[in-house]
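Based on the provided sequences and hints, a complete structural model is requested.
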Amino acid sequence: MIDLKQLRDDPQRFIDGARAKKIEVDIHHLLRIDEERRTLLADQERKRAEQKKLSKEIGPAIGKLKGQLKSASDEEKDRLEAKIHELESRPIALKAEIHAFEQKIAQIEPEWKDLWLQIPQPPDEDVPKGDSADDNIELRTWQPDWFDPQKSFAENKGFPHRTHLELIRTLNLVDFERAVKMAGTRHYVLTGDGMRLHQAVLRFAFDFITQEHGFTPMSVPVIVREECMVGTGFFPAGRDQAYHIEESRRGTGTDLFLTGTGEVGLMGLHQDEILDPEQLPLQYATVSTCFRREAGAAGKDTAGLYRIHQFDKVEQVVICRADEEESRRWHQKMIDIVEQLLQKLELPYRLLQCCTADLGLKNADMIDIECWMPGRGEEDAEGRPTGAYGETHSASRLYDYQCRRLNMRYRDQDGRNVFCHSLNNTVLASPRILIPLLELYQNEDGSVTVPPPLLPYMNGVERIGSVAAPASAAPGR
RNA sequence: GGACAGGUGGCGGAGCGGUUGAACGCGCCGGUCUCGAAAACCGGUAUACCCUUCGGGGUAUCGUGGGUUCGAAUCCCACCCUGUCCGCCA
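For the first sequence, our numbering gives the first residue as 1, with consecutive numbering after it.
What the hints contain is simulated information worked out from the structure, not anything from laboratory work.
Since this is a predicted model, take the numbers as computed values, not measurements.
Beta carbons: idealized from backbone N, C-alpha and C, even for Gly.
Be aware that one or more of the hints could be misleading.
Stated by the list, open to error - Think about it this way: if two alpha-carbon atoms lie no more than 30 Å apart in a straight line, the pair counts; the simulated DSS-like pairs of lysine-lysine are:
1) LYS52 to LYS129
2) LYS56 to LYS104
3) LYS95 to LYS22
4) LYS83 to LYS53
5) LYS53 to LYS104
6) LYS95 to LYS113
7) LYS22 to LYS5
8) LYS344 to LYS151
9) LYS5 to LYS129
What the hints assert, rightly or not - Computed spacing ranges between beta-carbons, pair by pair:
10) ASP323 to ALA183: 42 to 48 Å
11) ARG249 to ALA183: 42 to 48 Å
12) ASP380 to GLY214: 41 to 47 Å
13) ALA42 to HIS187: 53 to 59 Å
14) SER466 to PRO277: 51 to 57 Å
15) PRO128 to ASP272: 34 to 40 Å
16) PRO128 to GLY377: 21 to 27 Å
This is the structure in structure tokens:
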């Protein structure tokens, strides 16, 4: 969430920010409620101070009188009791007044908090303005020597390509029918070498980020409490996107939510903590199953492994000091790590600078990486897709927006507690990454060569679908 | 799932319903002593928010939320969490 003091000092900055992000939120209304709340709070506190002062006078006096009462004669008793009663009745009017203020504050507070949580972080000055994802700007592309993005797959490789759906079917790598039987649309079952390849690429990515780049390997919960979802900035705005486990309806326990990214678990780790600045920056990586309802995406990317309810992702986060330069450096570093990874896998990709409209609530800046997928995009004269870039990675820079929500701080040199900065980026998400992997490593005979970096993780399988490779154990086929 | 026990400051640990933000100990910071250190001694040592004439003033916080009361760390209720034993279990 944003700093309310900053909002009061310069509301225009946040109004412009929300407008640039195309996010509807009534900032003027929040300012009005905030003002009202503070006035009420001040009035209430004044009354309470009065009450407290009175209490401190009355308390010992009553105590003393009650002591005397015990050993008093009957006529003395009446007199003492009257005196006690008189003392007790003095703050009674204050009590009602304080209660009235309390009620009023409790009435406006939920709306105040809710609005506050919905104010987006203004985009950075150097983020290009735009109206939708179409206005994102291509920063650069990379491709291996054999690949010329100007040419078709057939021109590059010498034979026409099959889409990942076709490859999956002929090579028995995925069983969609049974997955849908069990869990409904947008589910899949990886079979045989499909599962092997999925595990191999995840393990390769996890080893790469933890061994070669020193990120601390972690396992984190994928079932979390609401505070964790709010703290990481996914709630309340993204509530519809998360699967909800209503434990409270059973009469015990609290509700839980399935996380849509390992970021939630990694960032939630240090919620409400004051970190040792000597330990910063924290660099964490996890591989976790991600769950997404894909609400509002009905009819979009319905076929294949592109948009699914459950997948696995290697995620990297950095928690660093509140320093813009350092944040920016880490952002570049995390993108660089992904570029190295994709280059090892020899997957053509492009970097996209997301425009203001595509940033979402919490980001100040976001760079997407898209891999080339021959089976996507517009169709040619023969009805074959001509290929397109498809999103596989997203690197976010958030300043203290997320850590403020999480109440994650460190003590700076002057002894002040400061909110940390946070960043996150995909290292690799599968099975989506299998789409370019399968499509680009396919051979003319319909087999798929295992990318060399994945060989150590493939138990000897070098080529999927060739006679030389061990039979891919597709059950029930 | 059953039966107990318990949640207090960075940590340990007190706390008759009344100047208790909270004794005491440890830790930490500063000082005295010392050639220096240790010990000893002295002093200091929470966070958040609000107001401010920038000197300071105020409120809240003893797991969380309600309630009782003139007044709650202390009494009542609900929830959350932790520990121990039993049962079950990948």
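Hint check results:
Between LYS52 and LYS129 the CA atoms are separated by roughly 54 Å; this puts the pair beyond 30 Å, and the hint is violated. Of the pairs offered as hints, the one joining LYS56 and LYS104 holds, with about 27 Å between alpha carbons and a cut-off of 30 Å not exceeded. A hinted pair counts as satisfied when its Cα atoms are at most 30 Å apart, and LYS95 with LYS22 does not qualify at roughly 46 Å. For the hint linking LYS83 to LYS53, the alpha-carbon distance of about 19 Å falls within 30 Å, and the restraint holds.
At most 30 Å may separate the alpha-carbon atoms for a hinted pair to count; LYS53 and LYS104 meet this at roughly 24 Å. With a C-alpha separation of about 26 Å, the suggested pair LYS95 and LYS113 falls inside the 30 Å cut-off, and the hint holds. Restraint check for LYS22 and LYS5: satisfied, since their Cα atoms lie roughly 23 Å apart, inside the 30 Å limit. Taking the CA atoms of LYS344 and LYS151, the gap is about 22 Å. The hint holds against a cut of 30 Å.
At roughly 26 Å between alpha-carbon atoms, LYS5 and LYS129 fall within 30 Å of each other, so this suggested pair holds. In this structure the supplied range 42 to 48 Å holds for ASP323 paired with ALA183, their Cβ-Cβ distance being about 45 Å. With their beta carbons about 22 Å apart, ARG249 and ALA183 fall outside the hinted range of 42 to 48 Å. The supplied range of 41 to 47 Å is met by ASP380 and GLY214, whose beta-carbon atoms lie about 45 Å from each other.
For ALA42 and HIS187, the Cβ-Cβ distance of about 55 Å falls inside the hinted range of 53 to 59 Å, so the restraint holds. Between SER466 and PRO277 the Cβ separation comes to about 55 Å, which falls inside the hinted range of 51 to 57 Å. In this structure, PRO128 and ASP272 meet the distance hint of 34 to 40 Å, their C-beta atoms being roughly 36 Å apart. In this structure the hint that PRO128 and GLY377 lie 21 to 27 Å apart at CB holds, the actual value being about 24 Å.
In the structure shown, a violation is registered for the earlier hints numbered 1, 3, 11, in ascending order.
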